[in-house]
Structure formats: C-alpha cells, structure tokens
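Q: Top line first, the protein sequences correspond to chains W and V. Using the numbering used here, you'd call the opening residue of the first sequence number 2 and step up by one each time. Using the numbering used here, you'd call the opening residue of the second sequence number 26 and step up by one each time.
In case anyone wonders, no lab produced these hints; they're calculated from the structure. Some hints could be false.
Restraint-style ranges between C-beta atoms, simulated for each label pair [unchecked claim]:
1. V:415 x W:252: 51 to 61 Å
2. W:168 x V:238: 46 to 56 Å
3. V:104 x W:309: 52 to 62 Å
4. V:128 x W:45: 23 to 33 Å
5. W:312 x V:370: 28 to 38 Å
6. V:383 x W:309: 52 to 62 Å
Here a beta-carbon is modelled for each residue, glycine too, at the ideal position from N, C-alpha and C.
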Amino acid sequence: MPAGAERASLESDWLEKFSRLLDKRGRRLKFASSAEVPPLGHVERLVERNVVLQNAVYRLSRVEPAWTRYLIFIFRYTAISDEKREGIISFGLNLINGSASDPMVGQLLAAAVDENATEAATKPAPSQLPADWTAERLKKAITRAAPVRVRSQLSQFVNGMQRRLDRDLERLHEYFGGLREESWRKLKRQKGDAARERLRMEAAEREYQAKVSDLKQKYDLRVNIEPVQTLELISQVRRVALAIKRRKGERKLALDWNPIGRQLDPPPCEWSFVAEGSRMICDDQLHIVSPAGHSPCPQCGKEYCRVCSPRRCPKCGREEKELAASGS
Amino acid sequence: MNNKLIKDDPVEVPLEVIDEKTALKENLVKHVLDQLPNALQAALPALNAYPNDSGVLLLTVMAALIDGKPDHALRFLHRFTRKWQAIEYEDQLLRAIALAQQGHWPQAAMIGKQIGWQNLFSAFIHLPGSWALSDWAHGWVRQIERHEDRQKLSGAAKKGLERRKAEAAKSERAAKLPREEKGEEKARKPQAEETAPAEAAPETSLGAESELSALPRYQIRIPFSVEFSDSLESSLAIRGSSDEADREAFRLRHELAHLGLLQGFDELLCLPTLRGIETYWYQLETVRKVLKQFRGRVLLADEVGLGKTIEAGMVLKEYLLRGMAERVLVLTPATLVGQWREEMAAKFEIEFATSYDSELRNDPKKFWSQPRVISSIAMARRAEHQEILVKQNYDLVIVDEAHHLKNRATANWKMVNALNKRFLLLLSATPVQNSLVELYNLLTLLKPGIFKTEKEFRGSYMTSGKPRTSANKDRMRDLMRDVMIRNTRSLVDVKLPPRHATTLRVDPSDEERACYLELTGLVAQAHRNATTQERMALRYLLSAAGSTASTAAGAIARRLESRNGNREWRKLQERYAAIAPGSKEQALVELLRRNPNEKKMLFVHHRETLRRLAELVEREGVACEQFEGGMTGPEKDAAVRSERSARRSFCD
Chain W
2 MPAGAERASL
12 ESDWLEKFSR
22 LLDKRGRRLK
32 FASSAEVPPL
42 GHVERLVERN
52 VVLQNAVYRL
62 SRVEPAWTRY
72 LIFIFRYTAI
82 SDEKREGIIS
92 FGLNLINGSA
102 SDPMVGQLLA
112 AAVDENATEA
122 ATKPAPSQLP
132 ADWTAERLKK
142 AITRAAPVRV
152 RSQLSQFVNG
162 MQRRLDRDLE
172 RLHEYFGGLR
182 EESWRKLKRQ
192 KGDAARERLR
202 MEAAEREYQA
212 KVSDLKQKYD
222 LRVNIEPVQT
232 LELISQVRRV
242 ALAIKRRKGE
252 RKLALDWNPI
262 GRQLDPPPCE
272 WSFVAEGSRM
282 ICDDQLHIVS
292 PAGHSPCPQC
302 GKEYCRVCSP
312 RRCPKCGREE
322 KELAASGS
Chain V
26 MNNKLIKDDP
36 VEVPLEVIDE
46 KTALKENLVK
56 HVLDQLPNAL
66 QAALPALNAY
76 PNDSGVLLLT
86 VMAALIDGKP
96 DHALRFLHRF
106 TRKWQAIEYE
116 DQLLRAIALA
126 QQGHWPQAAM
136 IGKQIGWQNL
146 FSAFIHLPGS
156 WALSDWAHGW
166 VRQIERHEDR
176 QKLSGAAKKG
186 LERRKAEAAK
196 SERAAKLPRE
206 EKGEEKARKP
216 QAEETAPAEA
226 APETSLGAES
236 ELSALPRYQI
246 RIPFSVEFSD
256 SLESSLAIRG
266 SSDEADREAF
276 RLRHELAHLG
286 LLQGFDELLC
296 LPTLRGIETY
306 WYQLETVRKV
316 LKQFRGRVLL
326 ADEVGLGKTI
336 EAGMVLKEYL
346 LRGMAERVLV
356 LTPATLVGQW
366 REEMAAKFEI
376 EFATSYDSEL
386 RNDPKKFWSQ
396 PRVISSIAMA
406 RRAEHQEILV
416 KQNYDLVIVD
426 EAHHLKNRAT
436 ANWKMVNALN
446 KRFLLLLSAT
456 PVQNSLVELY
466 NLLTLLKPGI
476 FKTEKEFRGS
486 YMTSGKPRTS
496 ANKDRMRDLM
506 RDVMIRNTRS
516 LVDVKLPPRH
526 ATTLRVDPSD
536 EERACYLELT
546 GLVAQAHRNA
556 TTQERMALRY
566 LLSAAGSTAS
576 TAAGAIARRL
586 ESRNGNREWR
596 KLQERYAAIA
606 PGSKEQALVE
616 LLRRNPNEKK
626 MLFVHHRETL
636 RRLAELVERE
646 GVACEQFEGG
656 MTGPEKDAAV
666 RSERSARRSF
676 CD
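Isolated chain V, as found in the complex (with noise of 0.2 Å):
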C-alpha cells in the first residue's frame, strides 16, 4: 500500500466521500484478512467507487486471489500498475500468486528468479494488512519455488525416484504387500511435501502403521535482531562541542570508516598476535578456508606434525578478534588437556578454564558457564555434566583426536553431537582407521545428511568386502571438499626442522645376554600351551628384557606373583635384579655426561625403567622431572613448569 501515483493525482477530495470510502475500505479489510469467502464481492463496491485508490486495488486483487479468481486478479493487478508504481515488489508478489493459481508454475518461478525469492518473500510487507497474511503469502511463494526446485532436479533426481520407486516395488514384492496399498502411499508422498506448514508442529507417524507420514518441512526466516552501541547516547550527548568546527577531522574519520570497511579474511589479523609460532603458508591458507570457505565447520585431518592444533588456535583467535566467537568449548583425550592450555596462553594468549579446575567439582554449573573451558572428552561425557554442558551454547567447539568421535553408538559422539555449537572444527589426522563408515560418521557431526543415510552411503560409496576403499572416489571427494581440509607432506612441500635419526648399538653384557636366552626358552616352553591372554603376558615379558634388566626382574616378580611359577622363574628374576646398571643404562648415563648443559629428553616405554633411569640419574647428580600417563592432570602441568627450571625430563 505504500505506492506512488505515477499519473493524475486525486488530491481535491471532498469529505464525505473520505468517510465513505473509509467504510467500505474497512469493510474490504474485514474480509480479506481474515479471508472470508466472497471476498471479491466485498471488494466491488469499494472499488467502483474508488477505482484508483492504491490500497483498494491492491486488497480487490488480494480479494480475488484469496477467492481463487486469479483471472480476476491479474485484471485489478493490471489497472494497478498503470495506475501506481509499487514500492518494492508486491504487486509481482501477486501477480506470481494468479499465475501460481492459474497453473503457470513455471512463469511464476521467473518472477522469483528475476527479482530475487528474498524480495518476493519480504514483498508482502508492503501489502494491506501484511502481517495478518504472512503464512498466505509466503504458502503461495513457498510453493512456487519448490515448483521451481522441482524443475531443477529432473536428470539426476528423476533417475533416484525411478530406481527408489524400483526398489520399493522389489520390497512392496518380497513383502506381499498389496499393491493398492504401496501405490496409495507413493501418491500421498509428494503431496504431503507440498502442503508442508511453517514452523509447525511435528507429526508423529509412529500412530499409524499403514503409512508414514512425512516430517514436517520447516521455513525458517533468517532471525533479524538489531541493537545500538552503548556509545549512541553519549554521542547524542556531545552535540554542541568545541570540535564542530574541525572539517579536516571530519572528513579524515569518513575516509577512515570507510577504509576500515575493507578489511576481509584475506588478511588474518590474528598473524602479529601469534607468540613463538612459525608459521607456513599451507597453514595460513588453511585458516582462511576454515573461515571463508567452510564456515567454520571442518575436519583438519593434516598429517602429523603438520600443526593441526596451530590452525586450530588461529581459528580461534581470529573468530575472537573479530568478534564472531566468544563461548569456546575445547574437548581432548584427558592426556591432552595440559598441553592445550599451555598452547592456548603461550602461543595465542587465550586463557580457558580447564577441566583440571576443582570449580569443576565444586560447582559444575559455574564452571561449564565459563566462557572458555578446555576439557577432556571423558570428563564432558559424564552424565552429570553433559547435562549442563547440552544447555549451553557454544560458538566455537573444537574437537582434538576427532577420531575417537568415529563410532556413532559411542557417548562421545552422541555428546559432541548434541552440543549446541555454531562452528566446529574436529582435528584427527587418522579420520579413517578401519572402515569408511568412521569417516561418514566424523561428517555426519559437520554436515548431518552430507551422505546421506549409511545405508545409503554404503551403498554409493563402499566397496563390500574392502571396507576402507571408496566406490566413488570422486563423487566422494567432491562432497569431502566441502567439509574436510588434509594438507600432507608431500602436497605442502614445507621445509620443516631437520631431524637427525641415530640408532646407537649396545652390545648385552654376557649376565644379560644369558639372562635373556633362558628367558626366551622359558617364555617359548609356556608359549606352547598359553591361552591368547597369557601369550600377551609372555610378549609383555620380552619387552621388559629388551628394555632393561630391572625392568625385567620386576615383570617376572609380577608374574611370580599370579601364577606361582616354579623354580626356574624365581632363579631367573634373582639372576635380573642382580644385575647392576645394564650396558644400555651405562651407554645412556655416558651420553648424558658429554654434554650436561644441554636439555634432554628421554621417552621410555616401560613405567620401571622410567623410575630405574630417573634414580640412575640423580645418582649422576643430575635434576630431572618425570612426566607419565598416570599423573593427574595439575601434576603434569606443575612437571612441565618444574621441566623448564630442570635439566632433562622423562617421559613415559
């Protein structure tokens, strides 16, 4: 109704008439917006009297068309537009309505892709009454365009409905159903996609078990919030100053508004805030897809060592320097925990909360409201606080080893799942172990529906009997590109830091060399009646002997211990605690002292020989730190911080 006259201009109208009219407008009002039956009827008078009022022509065409007269319609519409001039696109909103009406789906669609289905679905605003007919209105445009998308999907879509329609006769026959009953369903199923309501309530079809009915479709509007700085009163304020005379300035802080509007992705501006961190180019590429292309929701399934966690980071500090994130949920094997929020602070100057925090047992609620919490994945699992954590929306989440995300009947993925999280980013470089299905199910958190159903994706995409070799490697990787980003050394051609790899040989000594033959014998001789469980407990002791001698007496104590074992045993586990520091040890503590200033660090398999090696070099007079899997986690951090002061560290 907010139209301009575009030719005579009505102006000297005489009073009475005004009142008259305004009655028979209302009157017109009643019945189209609660769209009365005979509605074009209501509309006549009206409009013989006024035939060139804006607002009485445009609500006769509504009239007509809520009639079902678009005949009618497209005649009022037509003295209409030679008359006035719409404001934005109503009077296409309805002419696209008559033809819809009139079954020229498709001409109606043109008008959609002409001027934009935005502008169609937004044009009822400028309607009489718009709110009272919003549904109506947006029904009608609703259609029209699943009409048009309809159209779109003839090749490829029609070939789906064919072999679906095939196979759904294959099983209507191996059930013996009766056909009239399967034929009936196939029929009501595209209806029940046309008449999909608005935000309505979903139908349950659990009810009857003749036919499924479909889920509701869902047209969600964009949700449109506005606020204004707190800075608008106190600028309304300031009117009146002394500067109002500064042109110069005026016209510097223009420009520079303007400038300032320039900035994009392309620039990370996360780059001068980065502490200690080289960075490479297939990162920093990395991080503008994460943010232009995939929208923040991917898989970084780098391979090791390339700085998965480094891109992960820059994500992060450039969403929160721009403002686009500010709730941050990092999930990681417990292991990790530590080491993340040293990265976070050190590298990035990110404080989180993390799940080493007694607030986490004190008061959980106060600690999941925490704006930024690193946690283990076990700890978020637990009942008591996936309850918390599910009302919480989080703008970030971020998934560390993605890959123990990768069975969909497990608590972690139904708990990363039911998350509420604006972006998302899982970090495995093993996104696939044993089957494709792993990685179906790792998209399915990103994309749910990306793949489909897995039946339907083992279907398309797997090889039967080769579970990790893809079908359709490259429709496969066409729907991959939207969701996963793996650089791998070889594609990134990076020079990274040498690695100087050497092996030192350490001859036993004759004792240990004795030792571990009349071990192998032994382990051999119990080998040959062992059930599966105790042959992993003889390999176990093998180990030990490859690592040092103590570590050995100590795993055939153990055994000793369980199974009682007979003299042969108790002799061999004297012999291996008597031996003093083995000739690995001794080659170990002469490479320690040929330089002692340097750092060093020791990985050991075994928990005895950690221990062993840590009292062999206190003995030496050297300070070190133990770092193992069985600390908790506030140990492990206070380990790394003493690490820094110390000289040399083992880790287990």
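So here's chain W without its partners, still in its complex pose (with noise of 0.2 Å):
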C-alpha cells in the first residue's frame, strides 16, 4: 500500500462518505467519440444477416455517413424477497430510430469512461444529430425496456427460489395430505369421534390453504429500480438507409452501423425496446416490433400490433398488461 493510504473495506462507512462526496455529480455525461467510420463493404449481406422481417421486404436505399446520439441507461435494481439481490443493468437506445444497443453497450461506455479514450475534435452541429427525445417518450422506452432485462438477470435467482418454493410447497402438501390421511383412516376404521376427525380434515385443508397463501407472500419477489448515470455518446455512423414494404404500404428506416462497437444496430422494436430476434411490421401503421409485440390476444387468438393497440386488444377488448407490471 502506498504510504498515507489507508485500507478501508468494502462494507465500510467510506463508500458511503464518498458518495455523499460525490453528491449529484456524475449522473451525467455527454460525450462525443473520435472514433472514425471505415469504409464499408458487403453492405447488403450485412444487412441481410441483421434484418430479419417476417411478413415484410425491404430494399436497400443507400448508405452514407453521419452522427448520431446513443443514450446509454444505467439503473440498479433492488429484489427483495425472503432474500435481497442488487445489481447494475446497463442499455442503450440510438436515438435516431430507437434500437437497443445491448450487444454494444459495455463498447459505448468504454469508449467514453475509459481514461485512454479521446474526444472528437470537431463536434457536428445539433442540426447533423437526431432530435432529442422528450421525458414522456424516454420513460415509455425505460419502463417497457428495464424490467425484461432485469429479469432475464434475475433468472438465476428466481430459479433458486422457485426450487425453494417448490419444496416447501411438497413439505406442505405431504404435511397437511397425512394429517387429513391419519383422520380419514380412523374414519374409516370408525374409530374415534367421527364429527371431530371431520372437522380435522376440514381445518387442514384450511390451514393448507393459509399456508400456501403465506408461502406466496413471502416469496413474492419485488423490484425496484432507480437510475444511475446516464451517457449520451455522440459518434460518427455510417447510416444504411432501408425501404420496408409491406402490402401496399411503404416506410422508411436508418440502422447506423457504429464503428465503437463495429456493428449494424438491430432494427428496432417500437413496442419493448429488445435487442434480439425478427421483427414484424403492422399492416395499419407499419409499426416495426418483435413477434412478442404482434402477437396473438390470447383470448380471441388475433394478432395484433401492441404499438397500435397497447392497451386492448382491438377485436375482443382483453386488457393488456404492462410490460413493466408484468416483468415479462
């Protein structure tokens, strides 16, 4: 250790004196990359291997240079049960279209919190920028994106508890399913007090189904989830601009291809933000979302576009849930 330092660990009061420190600063950072934009071959491969659409086709426009603004979202969660577990989940979204940027995010943080990294020397005018996204809007996107990935960085332990709690749900079953077979066997051997065995049998499927509601509670699993930081990273992009056609209608869509993380953004879902799979677009709109965004109502089976509908389903009125009430 070096001379005058002092250990302090991990648990002590000095992360707590140096965040008091640290006071409002560092939520924030605007930032804007030197990274530069290589020339780009095989764009149309590129493109086929990221664009998936199912029920539409698209066609190739151009590809040219530009900026664009990433935001980069950093929240720590809290799930508390019967047990506490915290962590850091980090997204971003392009602000030119809204694609989630999760396969390149821990890249776009490096690029600007690393101390070897290097701003631009000149920066583009706001005109050259995508337009800034309003609160309203950039809250939607936060409480439909957050939730997924917090529970898919959850799944391990919310696997370990669904194991507890499927074991204590079997004690609980062998438990009260003897006690009720000790008191129907000596009603069926007529011994004992037949009215009393009765009303034992009654009281433990009773006190079974207290039990397994107190089982629910206190295993019910609640997150919260506040924000950290936010970066807003300004880097150059080389923009491939598609047509999307489907049926008779016709729109337009730019995926930035980032030199930071040296890959295509995927198209965007404008229902749950998600990075992964297909994508489907809606006949009314041509609203671009995930299959999950266009699914069947599970009551009349029609599919439908949740951008278009996000409250009901249009043919039979069956309420959707929110994605972050829900978590899924």
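Dock chain one against chain two, each of which comes alone in its own frame, and use the hints as you go.
A: Dropping the structure here:
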C-alpha cells in the first residue's frame, strides 16, 4: 500500500462518505467519440444478416456517413423477497430510430469512460444529430425495456427461489395430506369421534390453503429500479437507409453501423425495445415490432400490433398487461 | 417465434402470397390456441405453402403435439432447428414435451436438467400464442419434473412406500375391509398426484366416504413485480445540466455503483448503529446464519444469559437497514413488554408502539396497523385483537419466551400460526421442558411439515416412555440444523463479566428461633390430616417465615381469616407481629449503609417482604423504587425511569 493510504473495507462507511462527496455529480455525461468510420464493404450481406422481417420485404436505398446520439442508461435494481439481490443493468438506445444497442453497450460505455478515450476534435452541429426525445417518450421506453432486462439478469436467483418454493409446497402438501390421511383412516376404522375427525380434515384443508398463501407472500419478489447514470454518446456512424414494404405500404428505416462496436444496430422494436430476434411490420401504421409485440391475443387469437393498440385487443377488448407491471 | 434465421433469408416474397400465408397462418393459430382436434391437418397447408417460415414451423410442431403425434412433432422440430435458431429454449421445450409424449421421460427430464427447469418453464413465452398455451406447456413441464423427482426418490422412498403399503394392508385387515376397495385406492393415489391442477380450487374429500382425494398440488410461479424509483422522472428532467462534461465524476460514480453491489451479509450493517452493547463472536455468527442460511425463520435457543434478545435485535436492525422489513411484531410475556421497548429504543434506536399504549383501547385497528408493535402475547390473542392481527401482513414476527407456544392446542400457538409473516424468530432457552413434542410444535410453526405429522414424529423420533429422549438423534439433529440455533456456555467459551456470589449467614434472634420452632410444630401437626391444597398453604407459611417476621405474621393472619385457626395460631401471629426488625433485616440495613453511593438491587420473593423492606430503607433515608409483578406496564416503565435517578430498587 502506498504511504499514507488507509485500507477501507467495502462495507465500511467509506463508500457512503464517498457517495456523499460525489453528491449529484457524475450522473450524466455527454461525450463525442473520436472513433472514425471506415468504409463498409458488403453492406447487403451485413443487412441481410441483421435484418429479419417475418412479414415484409425491404430494399436497400443508400449508405452514407452520419452522426448519431446514443443514450446509455445505467440502472441499479434491488429485488427483495425473503432474500435480497442487487444488481446493475445498462442498455442503450440510438435516438435516430430507438434501436437497442445491448450487444455493444459495454463498448459504448468504455469509449466514454476509459481514461484513454479521446473526444472528437470537431463536434457535429445540432442539426446533424437526431432530435432529442421528450422525457415522456424516454420514460415509456425505459419502463418497457428495463423490466425485461432485470428479469433476465435475475433468472438464476429466481430459479433458486422457485426450487425452494417448490420444495416448500411439496413439504406442505405432504404434511397436510398426512394429517388428512390420519383422520381419514380413523374415520374408515370407525375409531374415535367421526364428527371430530371430519372437522380435523376440514381444518387441515383450510390450513393448507392458508400456508400456501403464506408461502406466496413470503416469496413475493418486489423489484425496485432506480436510475444511476446516463451517458449521451455522440458518435459517427455509417447510416444504412432501408425502404420496408408491407402490402401496399412503405416506410423508411435508418440503421447505423457503429465504429465502436463495429456492428450494425439491430432493427428497433417500437414496442418492447428488445435487441434480439426477428421483426414484424404491422399492417396499419407499419410499426416495427418483435413477434411478442405482434403476437395473437390470448383470448381471441387475433394477431395485433401492441404499438397501435397498447392497452387492449382491438377485436375482443382484452386488456394488455403493462410490461413493467408484469415484468415479462 | 422470436427466432433468428441461420441460413438463407427469404427476403423477396411477393405481397399477394404474404396475404395467402397470413390467412393460412391465422387458421393454424386458431386451431392451436383453441387446441382443436386435427390441428395438424390445419397446419399442413400452411407448412406446404411456406416450409421455411419459423412461426408456421413452430405452430406445426405444437399442432402435432396437441394432436398427440410426437413423431411428427420431432420431425418438424428438426426442420425448424436446421433452418432457424431459437431465441431462448422454445425448441427444447417442444422437444421435451414430444419425448414425454413418446414415453421417454428420462430423456425429457435430461433437457430440463441441462438447460434448467426455470428456463424450460419460461421458454413458452417465445412460442406463438404463448399466453394462451401457458397452462398446457407448464402442465407438461411439471409432469416431466415430477417424473424426475420420483426417479430420485428411488431408495428411501421405495422403502417408505413399502412400509406405508404394509401399514395400509395391516389396517385393512384390522378393519376387515374388502381387499378390492383398498387396491383401488392405492392405484388411484399416484394418478391423483400426477394430474394436479395449477392454482386449482381444492377438492374436498368429505363428501366421499369411500376414497380420499389428494390435496391439490399448487404450481406457483414466483410473483414478480417491478416499480421504478421516483427519481426516474427527475433524472430524465435534468438532461442538459451543466455538469455533463465531468468525465471523472461519471467514472467515479460508475465504479461506486459497482462497488456498492459487493456488500453482502458477511459484514453486518447494524454494528456501527448499536448503542451500549458488547457483542460476542457467537452472536455475530448467529445473526449472519439467521440472515444467510435460515432466511429469517429460526428458533434461537441459546442458553440463558447468552443474549438471545440482542441477537434478535441485531437481526431486526439488519433487516430494517437493508430495507427487507418494514412491519414488525414482537410478542412477549406481559412482564417483558416494557423491557423490550426499552432495549429496542436504547440499544438499537428502534421505536415501537406497545400494548401499554392507550391507543390499543381507544382504536385497536389503528394501533395494530402501526408498522412496529410490541405486544404481550396474552393481549394479542384476545379475540377482538386477533381478528385484526391476522389480517395484517408482517415482514418479521419475533416471539420471546417461545416455549409458551409449546402446546399446539393453545390459543397462543394458534394465533402465532395464523399470523401472515415472512420472517419468524422464536426465542426460548428451554424449547423442550417435558416432551420432544413441544419442540415439534415450535418447529412446525417455522417450517410446517419438517417432521411430518405428529404421529410420524412420535414414531420416528421419540422413545416410548421417555418423552425427552430422541430415538433417532442424528437424523433429528440434521433436520433441526435447518431451523434451530443453540449456543451453550461450554460451546461459546466466552469470558462473560465475572459474577461474585457470596452467602452471608445471619443467625436468627432468640425470639425468631422460638417462633419458627413453634411454627414448624404447628405445621407438622396440621400437615397430617391436610389435603393437597392445604399442604401447599402450609409450605407457603414456612417459606414466609423464612423471609421476615412481618411476612410470617401477615401469612398467618391470612390463614386465621380463612380457616378460623385456634388459639395457638393466633398467639404465634401476635408474637411474630411483635418482633421489631429481625436479624436479617438488620443485617441488610447494615450492608446498605456500608457504601451508600453504590446502586443496589434487591430481589425478594414475597410482596410483604418487599413492602416491609421498602419502609425500612425509607426510614434510613435512602430513596428506593419498587418493581413488582402486580404493577401495570406504564407503572413498571415509570418505576424503571425513576430507578435511574434513585439509589436502590426492590424487585419482586
């Protein structure tokens, strides 16, 4: 240890003091990366690999250099059940189209946070950048995107809890089943007071129900998500313009190839902001959504676009669960 | 349906064909979601038209499974996996179901083990029409999982089953029931277990005399709810602020956020917040174990004086600091309510409402809805309060002197059992007093079924005729390791503060000696023909005479009032009353005079002795406080507060 340094435990109050010292600083950073965009070869193949549309076709229009803005959000979550788990999730949005930059979010963060990262000498004029999103639009995106990612990160923890819950349920079933069986045997043998044994069996059933709901409460997992930091990364990109055709409609989509992650952004899902998977195009407004955002209504089976009808099924009126509430 | 193409991409598809495909697909979706018969027949036209569409392929697999044609399903699934890559494990889920339908249960279970049962459970969300078919998919996975569980239970369970069968056969013979009827019941039982409904309403067996239907098995997925902190909106609103260029601050906050995650239960957060407590290593270990290993449900059975209350307080503080508990209920004997409040406030800085508060009588609902309450268990179990209590949800319930819950037939046990609680701490130095069943009852509160039913517990763990001796110590110890912590003095080997015990012998005066001899003679005389109750009263007289002369005089006077004693008793009472401060009282006063500035505490048995000594000490000009069991809670609290400024205290 260097002279004058003092060893501090991670659980000591040093972290708390340090946090107080930082106060509100460091919550946001705006950084223009100096990474330059090389010329792209085989753009068609690149697009072909990244863009899978299940019910539409597309045409490649042009490829050109451009600037874009990524918003990288870092959230801390706290999941409390009979145990507690904390963690951090980060995800990014390209403001040109809302595409999720999950596959390269680590690289984008490093490009701004690393000590060796250099800032672009000339920054683009505001008119060269995509327009800023309103706070309301951002909030909607975050409340849909974050729960899915938290759930995915918590899957091992939830698996463990699920195993314990299953074991506890099994134990309860065996115990109360045993109690009922004892009383039932006595009834069969006509041993003891029949009315009393019946009451016992009823009580065991009631108690079983109560204990099951007790367990449900015990394992109830409440997740609180709070924002930690936001990085606004301005970066040069190679912009690929596509024309998407669905039936008689056509819409444009711009996808960016980023030199930091060295990959093409996935097509956006305008409903859930997920990065993975293929996309579907809705008939009415030509929204781009993941298959989950265009899945059949569980009640009537009609496939419909969740961006066009976010609240309920247009055919049967079944209410749609909010992603944040259901966590799925 | 959320799948990625791994080979050729069918990008250029004419629009009119897309319409046709959509119609075929909609028909297929309808067949699959409604689980209509001949779903596979409906799938084939769509599949022939578009053999490489991921959605149609998966729907066809599902249609084949719904039709009970696993061979077809596996063939289409193979075609799907050659062309497409599943996003999660939806292909594995369908494969597992197909294998299970073919009767290859071990292979199906192997998939669950390889990718994780939870993953298999949740894979259905990537299937077309996932939510409508969740019960169907879950039902199959559950069956596969149960099959796997049954395989695991081969050795011991088989023996148990054989034993149960033998018992059933024996009882069958005893009851002289027709053999066929019993055979039917045995055959029916595993079937009932297999077809357990998810979240189904319970079936009652009471109507059917001939057979007992199994209790419903529940499949509960962990309830998962998400909420965003209030700071989300403000963090979105501050965009564009001036400190957006401070990279160093951003980097430091980034590291701080990650370092903050490394805190676990190994380091207790409550330690710096404790006031005036010297903690011992075994207490810290106990608290860590309760938090990590026991997940807040445990019987703390440390020997007397090792600090169970401190351990419970630390667990409580830890949960509060970590935001894992908000609503807390402490149940204690009535005499300890004030002491608990005092200790929680002074040592842990946790304020509690108590059952001494007038609000309990004025507005019970409001009282019990408070987040932190200490109550006497006697008060809580009263019908009017219990009714409110069982509707509350508590994060943590602590029961002090939990041996009062040793009997499952008592209102105490039933009330604690009925509480909605997440964490439960039972505190008792003597969990077993008369029988191991008492321990069974306590542990059943913590983990119902850990020792099966009481009958099975008696059979497996108790020795006939020796209710406190375990027949299967090792097995019992193994099971109790999950629910009980017991530290003993020999185990912890802690240097506790030294205790100096000295016996001061005091000889009675001549008159005291003469009175006592006469009393023993009279007691011996009366004892010969006395009933049990009378004998107890006589023993009490001797005990009173061993305390002070005035206590003896009071006790004899009460006997004379109730029994119209003869002249000898009356004369003895007068002699005792005439004795001025006795030898013991004089010796005590002498002792108190020696170092008047030192605080002293006297414990006495008889209330009369307490009052007599209080008068005596007051006469000596020394302030004192009395504390006795007959006082109300607020009176006790006032006495304790006053004792802090006084010099001496008497405690009954």
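Q: Now tell me if each hint is right for this structure.
A: Here is what the structure says about each hint:
1. The hinted range of 51 to 61 Å is satisfied by residue 415 of chain V and residue 252 of chain W, whose Cβ atoms lie roughly 58 Å apart.
2. In this structure the hint that residue 168 of chain W and residue 238 of chain V lie 46 to 56 Å apart at CB is violated, the actual value being about 23 Å.
3. Judged by the Cβ atoms, the range 52 to 62 Å given for residue 104 of chain V and residue 309 of chain W is violated: they are separated by roughly 33 Å.
4. Hint check: residue 128 of chain V to residue 45 of chain W, Cβ distance near 49 Å, so the stated range 23 to 33 Å is violated.
5. For residue 312 of chain W and residue 370 of chain V, the Cβ-Cβ distance of about 50 Å falls outside the hinted range of 28 to 38 Å, so the restraint is violated.
6. Evaluation of the 52 to 62 Å hint for residue 383 of chain V and residue 309 of chain W yields a pass: the beta carbon distance comes to about 60 Å.
In terms of the numbered hints stated before, the structure departs from hints 2, 3, 4 and 5, listed from lowest to highest.
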